[in-house]
Amino acid sequence: MRFIVLVVAALVTAGASLAAHHSAIQFDFTNSKAVTGVVKKFIAINPHMQLVLHVKDEKGERDIEFEGHSTNNMYRAGYRDNMIKVGDTITVYIAPLKDGSDGGYVTAAMTANGTRFGMRSRAELEQERLKAEGKK
Amino acid sequence: MAAAALALSLFGSIDARAQQPDFTGVWTTYNEPGAAGGGGRGGGPPLPMTDAAKQKVAKYQALVQPTGDTPGGYCLGTGMPGSMLGSGGYPMEIQQRPEQIMIVYEAHSEIRRVYLGNRIVPEADRLPGRNGHSSGRWDGNTLVVETSNLVEQVDQRYAHGPKAKIVERYHLEKDAKGETVLVADMTLTDPEFYTAPVTAVKKWAKVPNGHLLPYECAEENWIKHLEQLENKAAGKR
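Chains as they are written, first to last, in this note's numbering: chain A, 1 to 136; chain B, 1 to 237.
By construction, these hints were calculated from the structure, which means they are not laboratory data. Values in this document were obtained by computation on a predicted structure and should not be read as measured data. Ideal Cβ placement from N, Cα and C applies to all residues, glycine included. Treat the hints with care, since some could be wrong.
[Unchecked claim] Part of the chain B face toward chain A, derived, beta carbon under 10 Å: (1) Thr67; (2) Gly89; (3) Leu213; (4) Glu219; (5) Glu220.
[Said to hold, decoys possible] In the DSSO-like style, the derived pairs of lysine-lysine whose C-alpha atoms are separated by at most 30 Å in a straight line are: (6) B/Lys165 with A/Lys33; (7) A/Lys41 with B/Lys236; (8) A/Lys41 with A/Lys85; (9) A/Lys56 with A/Lys33; (10) B/Lys177 with A/Lys98; (11) B/Lys165 with A/Lys98; (12) A/Lys85 with A/Lys33; (13) B/Lys206 with B/Lys232; (14) B/Lys203 with B/Lys165; (15) B/Lys232 with A/Lys40; (16) B/Lys163 with B/Lys59; (17) B/Lys236 with A/Lys85; (18) B/Lys163 with A/Lys56; (19) B/Lys59 with A/Lys85; (20) A/Lys40 with B/Lys236; (21) B/Lys54 with A/Lys41; (22) A/Lys59 with A/Lys41; (23) A/Lys131 with A/Lys98; (24) B/Lys236 with A/Lys59; (25) B/Lys224 with A/Lys56; (26) B/Lys224 with A/Lys41; (27) A/Lys59 with A/Lys85; (28) A/Lys85 with B/Lys224; (29) B/Lys54 with B/Lys224; (30) B/Lys163 with B/Lys203; (31) A/Lys40 with B/Lys224; (32) B/Lys203 with A/Lys59; (33) A/Lys98 with A/Lys40.
With the hints as extra help, turn the sequences into a complete structure.
Structure (structure tokens):
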């Protein structure tokens with residue numbers, strides 16, 4: 001399993017070139033959530049990757065739309081062409097929407113074959129630290 | 001005699017050029033050892049803005065802060081000096097020729113052309129823009145770039161008016177590990193916006209065999225527009 005570490009918070013807030021997209025104020029970057037589903041749509045473009053997952057969870061079965069980092073940022077964090085295809089079951093790591101509705105900002109993903117790419121969010125790093133210390 | 005003078009002049013010119021550093025390559029933000037990285041943008045002490053400039057910036061901020069809108073959100077390049085100071089996370093590429101230096105910032109595929117010698121566009125023939133017109137000259141091993149013909153921009157940290165002048169002084173140096181670092185010392189002067197010159201330093205590290213990636217910012221909007229057209233054609237709302 002490959003994982004290239006970048007800190008997402010820095011990428012989102014570190015200045016014009018990286019934040020030079022539409023506003024991300026609707027996302028809660030202090031939180032990280034994993035969502036697993038089947039890929040219905042995936043477009044690797046800039047400034048934001050586009051993704052629709054078919055998800056089954058306690059709320060039921062539905063399609064959820066996500067967006068994520070730019071393809072260029074993801075490329076430098078391990079993404080390569082054809083890693084994600086329609087029909088794949090993948091897990092995405094997201095900064096959820098602040099209002100609690102479905103969707104979020106994808107900061108990293110685990111592909112169907114177990115390859116992970118993307119960045120660790122501050123929330124994820126904190127969760128990993130707490131887990132390592134046996135506090136969570 | 002004339003031939004000797006010509007040869008001296010020619011070889012003198014070649015010799016001077018040989019001393020000039022070559023900035024060609026792909027560069028990313030240089031992180032000072034032990035520092036958080038980045039540099040050259042954001043934070044720091046308040047800028048010495050004139051009251052008129054403060055009012056313009058405040059008016060702009062009041063407009064965009066509720067939504068967090070940015071020029072980049074509408075696929076607009078950053079413009080100087082933000083394009084230069086913000087480059088690195090998305091790297092920049094420099095291609096250097098004696099008469100022209102091309103700088104491509106990956107984000108928004110923003111391009112600056114630094115003209116030297118006879119390539120410098122006469123003042124009367126320049127059009128203003130967010131990256132202005134950049135003239136270059138060599139001061140020993142330092143490339144001095146003077147940028148003018150800018151437009152008013154209150155949408156970046158270093159807000160400025162159309163009469164702003166930006167001087168960048170680029171040189172190479174080695175860090176403690178012996179790695180090559182590209183350094184730009186910037187001075188922005190604009191009496192309409194600032195009561196004193198504003199300075200900043202930006203550093204980049206070389207990306208060995210680096211490549212810039214394509215960046216078509218408007219593609220997302222075009223795809224969404226096509227989807228709307230398809231839905232409309234299918235009778236969906």
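Hint check:
no., hint, in the structure
1, Thr67, "holds, 6 Å"
2, Gly89, "holds, 5 Å"
3, Leu213, "holds, 4 Å"
4, Glu219, "holds, 5 Å"
5, Glu220, "holds, 5 Å"
6, B/Lys165 with A/Lys33, "violated, 47 Å"
7, A/Lys41 with B/Lys236, "holds, 19 Å"
8, A/Lys41 with A/Lys85, "holds, 8 Å"
9, A/Lys56 with A/Lys33, "holds, 15 Å"
10, B/Lys177 with A/Lys98, "violated, 44 Å"
11, B/Lys165 with A/Lys98, "violated, 42 Å"
12, A/Lys85 with A/Lys33, "holds, 22 Å"
13, B/Lys206 with B/Lys232, "violated, 49 Å"
14, B/Lys203 with B/Lys165, "holds, 21 Å"
15, B/Lys232 with A/Lys40, "holds, 21 Å"
16, B/Lys163 with B/Lys59, "holds, 20 Å"
17, B/Lys236 with A/Lys85, "holds, 27 Å"
18, B/Lys163 with A/Lys56, "violated, 58 Å"
19, B/Lys59 with A/Lys85, "violated, 46 Å"
20, A/Lys40 with B/Lys236, "holds, 19 Å"
21, B/Lys54 with A/Lys41, "violated, 46 Å"
22, A/Lys59 with A/Lys41, "holds, 21 Å"
23, A/Lys131 with A/Lys98, "holds, 24 Å"
24, B/Lys236 with A/Lys59, "holds, 26 Å"
25, B/Lys224 with A/Lys56, "holds, 26 Å"
26, B/Lys224 with A/Lys41, "holds, 13 Å"
27, A/Lys59 with A/Lys85, "holds, 25 Å"
28, A/Lys85 with B/Lys224, "holds, 20 Å"
29, B/Lys54 with B/Lys224, "violated, 38 Å"
30, B/Lys163 with B/Lys203, "holds, 26 Å"
31, A/Lys40 with B/Lys224, "holds, 16 Å"
32, B/Lys203 with A/Lys59, "violated, 49 Å"
33, A/Lys98 with A/Lys40, "holds, 24 Å"
In this structure, the hints that do not hold are numbers 6, 10, 11, 13, 18, 19, 21, 29 and 32, in rising order.
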